[in-house]
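From first to last, the protein sequence lines stand for chains A and B.
Residue numbers for the first sequence follow the working numbering, beginning at 643 and rising by one.
Residue numbers for the second sequence follow the working numbering, beginning at 376 and rising by one.
There's no promise every hint is true.
Each computed DSSO-like pair below joins lysine-lysine, with the alpha-carbon atoms no more than 30 Å apart [said to hold, decoys possible]: (1) B:Lys591 - A:Lys749; (2) A:Lys767 - B:Lys476; (3) A:Lys786 - B:Lys521; (4) B:Lys518 - A:Lys767; (5) A:Lys749 - B:Lys584; (6) A:Lys749 - A:Lys767; (7) A:Lys749 - A:Lys786; (8) B:Lys592 - A:Lys786; (9) B:Lys476 - A:Lys798; (10) B:Lys518 - A:Lys850; (11) B:Lys396 - A:Lys798; (12) B:Lys584 - B:Lys392; (13) B:Lys540 - B:Lys521; (14) B:Lys392 - A:Lys850; (15) B:Lys396 - A:Lys850; (16) A:Lys786 - B:Lys591; (17) B:Lys518 - B:Lys592; (18) B:Lys540 - B:Lys497; (19) B:Lys476 - B:Lys540; (20) B:Lys521 - B:Lys497; (21) B:Lys521 - A:Lys850; (22) A:Lys767 - A:Lys798; (23) A:Lys850 - A:Lys786; (24) A:Lys850 - B:Lys595; (25) A:Lys798 - B:Lys592; (26) A:Lys798 - A:Lys850; (27) B:Lys396 - B:Lys521; (28) A:Lys798 - A:Lys786; (29) A:Lys786 - B:Lys584; (30) B:Lys518 - B:Lys540; (31) A:Lys798 - B:Lys392; (32) B:Lys540 - A:Lys850; (33) B:Lys497 - B:Lys476.
Since the hints were derived computationally from the structure, they do not count as laboratory data.
If you're wondering where the values come from, they're calculated on a predicted model, not measured in any experiment.
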Amino acid sequence: MAEKRIASDNGIRRLPRYLRILEQMDEQGVERISSAELGRMIGFSASQIRTDFNNFGSFGQQGYGYEVSSLCREIRQVLGMDRGFRAILVGVGNLGRALICNFDFCKLGLHLIAAVDVDPALLGKEIHGLPVLSVDAAVELIEKERIDLAILTVPKIVARQAADRLAAAGIRAIWNFTNTEVADSASGLLVEDMNFDDSLLTLMHYMKNCKETETRPKEMEGAHQRKADADARKKHEKECENFR
Amino acid sequence: MKKNVKISDNTIRRLPKYLRKLSNLQSDGVQRISSFELGNSLGNTPSQIRQDFSHFGNFGQQGYGYHVENLQESIREILGLDQQMSAILLGVGNIGQALMKNFDFTLCGVQLQAAFDIDPGKIGNTVNGLVVRDQAELAAYLKNAKPDLAILCVPSDVAVELAGKLIALGIEAIWNFTNTEITAGDSEVLVENLHFTDSLLTLRYYIAKRNEDRVKKEEKYLRSTGSRPKRPQLF
Numbered sequence: 643m644a645e646k647r648i649a650s651d652n653g654i655r656r657l658p659r660y661l662r663i664l665e666q667m668d669e670q671g672v673e674r675i676s677s678a679e680l681g682r683m684i685g686f687s688a689s690q691i692r693t694d695f696n697n698f699g700s701f702g703q704q705g706y707g708y709e710v711s712s713l714c715r716e717i718r719q720v721l722g723m724d725r726g727f728r729a730i731l732v733g734v735g736n737l738g739r740a741l742i743c744n745f746d747f748c749k750l751g752l753h754l755i756a757a758v759d760v761d762p763a764l765l766g767k768e769i770h771g772l773p774v775l776s777v778d779a780a781v782e783l784i785e786k787e788r789i790d791l792a793i794l795t796v797p798k799i800v801a802r803q804a805a806d807r808l809a810a811a812g813i814r815a816i817w818n819f820t821n822t823e824v825a826d827s828a829s830g831l832l833v834e835d836m837n838f839d840d841s842l843l844t845l846m847h848y849m850k851n852c853k854e855t856e857t858r859p860k861e862m863e864g865a866h867q868r869k870a871d872a873d874a875r876k877k878h879e880k881e882c883e884n885f886r
Numbered sequence: 376m377k378k379n380v381k382i383s384d385n386t387i388r389r390l391p392k393y394l395r396k397l398s399n400l401q402s403d404g405v406q407r408i409s410s411f412e413l414g415n416s417l418g419n420t421p422s423q424i425r426q427d428f429s430h431f432g433n434f435g436q437q438g439y440g441y442h443v444e445n446l447q448e449s450i451r452e453i454l455g456l457d458q459q460m461s462a463i464l465l466g467v468g469n470i471g472q473a474l475m476k477n478f479d480f481t482l483c484g485v486q487l488q489a490a491f492d493i494d495p496g497k498i499g500n501t502v503n504g505l506v507v508r509d510q511a512e513l514a515a516y517l518k519n520a521k522p523d524l525a526i527l528c529v530p531s532d533v534a535v536e537l538a539g540k541l542i543a544l545g546i547e548a549i550w551n552f553t554n555t556e557i558t559a560g561d562s563e564v565l566v567e568n569l570h571f572t573d574s575l576l577t578l579r580y581y582i583a584k585r586n587e588d589r590v591k592k593e594e595k596y597l598r599s600t601g602s603r604p605k606r607p608q609l610f
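Chain A with its partners taken away, still in its complex shape:
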């Protein structure tokens, strides 16, 4: 297999979408799929899909397509799902509870070690089998043990403060649900923002757009994405030349 390299952030972000669809198909007993079919299901162009898969050395056969189960395996490997990561969840409000009770962390190779909250009424309790620690106890845990990731579900107004405290204790990656920025890009902290408003605003754009022009977003994703990518590439090449 070729060296696994994905060039762009967008490319990375497409992988979980592929995986979700492919796993579904795998469960349904589908053995192979063409890039065209997959493209129709997921709303990307076939050439986009071929490019993405080529990037990590998976080549479909002309007239045969891709083998679903091996593609799943490769994407899981690229995403690092074969490694177990340890996480804590900070802020046991409604959202925190929703994640603890309903989100399948195990399936993603993630072990939730503990939850953290400032509310004295919650301390020492267990939620869905997960112990709730005080902030001090959590800091001690982070300093003593390897915790790969903190899931931040505290109220917006204390988000940055909490992130700073976690970073000071040694946390290096945050999955951020607070709908606010918690760190500057220079801080060295890996932050993945789960911004609900980004998603809602995207939907609103399409709602408005569909009313006006009846353009389906799937079509936009395909053809216009291709053009935009090509334009961006050309522009980038030109800029590189200018630079030289």
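Given the structure of chain A, go ahead and fit chain B onto it with the hints provided.
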């Protein structure tokens, strides 16, 4: 602005991030910003930013940059924030309540009009000023109120069924929190799936990559100096 402008999905998904940054800048009293500065603070390349903004006819001036306020206006227009939309929420569990209590719908130009659940223990309760209704009233409610958008927060095992029902009842857009893929089939219904999984997997990838880079760096250090670096602890 050009009419019927077509913008790629990736660009659209970057716009909310720009908007957030710009509104922060404006409240800090910043009047103009270059694509370079904006790119630096957001982690995008300046050329990407210029490309994105040129889509909707907003061109910065060389040596001057972009006008923060005008740029916000353009983005808000593209995102449809100049129109007020109405929404209902289905499933007042943890995630539903979290949204009702903490999410700023007005900021997105959306008004949450009603919430529904099937649990008799929840029906009639008030959550953040909104009375939880019986889901049995859903069909009648949709017929009268005609909300633009349904927010789906029900358990994943009933998600597809309820989405089908909503579509049959004529809802035009669904914002899906159920971590289950919902497709609109042949209908014109818009579905925005908010997949926590996608976000977490992306983060995992970057953590794993950083760990690998660090190991490589350490090995290089080891080869050149014959000793481990001072901070050997991998996180």
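Quiz prompt | 30 Å limit on alpha-carbon distance, applied to hinted pair B:Lys396 and A:Lys850 | solution = It holds: about 23 Å lies between the C-alpha atoms, which stays within 30 Å.
Self-check item: Pair hint B:Lys540 and A:Lys850, alpha-carbon separation not exceeding 30 Å
Solution: Given that 30 Å is the threshold and the Cα spacing comes to 23 Å, the pair holds.
Quiz prompt | Straight-line alpha-carbon gap B:Lys518 to A:Lys850, limit 30 Å | solution = 21 Å, holds
Practice problem: Below or equal to 30 Å on CA atoms is what counts here, so check B:Lys497 against B:Lys476. | Solution: This hinted pair holds, its Cα atoms lying about 15 Å apart.
Exercise. Would you mind confirming whether the straight-line C-alpha gap from B:Lys540 to B:Lys521 stays at or under 30 Å?
Key: 15 Å, holds
Quiz item: Within a Cα-Cα threshold of 30 Å, do B:Lys518 and A:Lys767 meet the stated pairing?
Solution: Cα-Cα ~45 Å, so violated.
Self-check item: Agreement of B:Lys392 and A:Lys850 with the hint, judged by alpha carbon distance not exceeding 30 Å
Solution: This hinted pair holds, its Cα atoms lying about 19 Å apart.
Self-check item: B:Lys584 paired with B:Lys392 [C-alpha distance capped at 30 Å]
Solution: Satisfied, since the Cα-Cα distance of roughly 24 Å is no more than 30 Å.
Practice problem: Take a quick look at whether B:Lys396 and B:Lys521 sit within 30 Å of each other, Cα to Cα. | Solution: The hint is violated at about 34 Å.
Practice problem: Assess, step by step, whether the Cα of B:Lys476 is no farther than 30 Å from the Cα of B:Lys540, and give holds or violated. | Solution: 26 Å, holds
Practice problem: Take a quick look at whether A:Lys798 and B:Lys392 sit within 30 Å of each other, Cα to Cα. | Solution: 17 Å, holds
Quiz item: Are the Cα positions of A:Lys749 and B:Lys584 separated by 30 Å at most?
Solution: 20 Å, holds
Of the hints listed earlier, those the structure fails to meet are numbers 3, 4, 17, 23, 24, 25, 27, in rising order.
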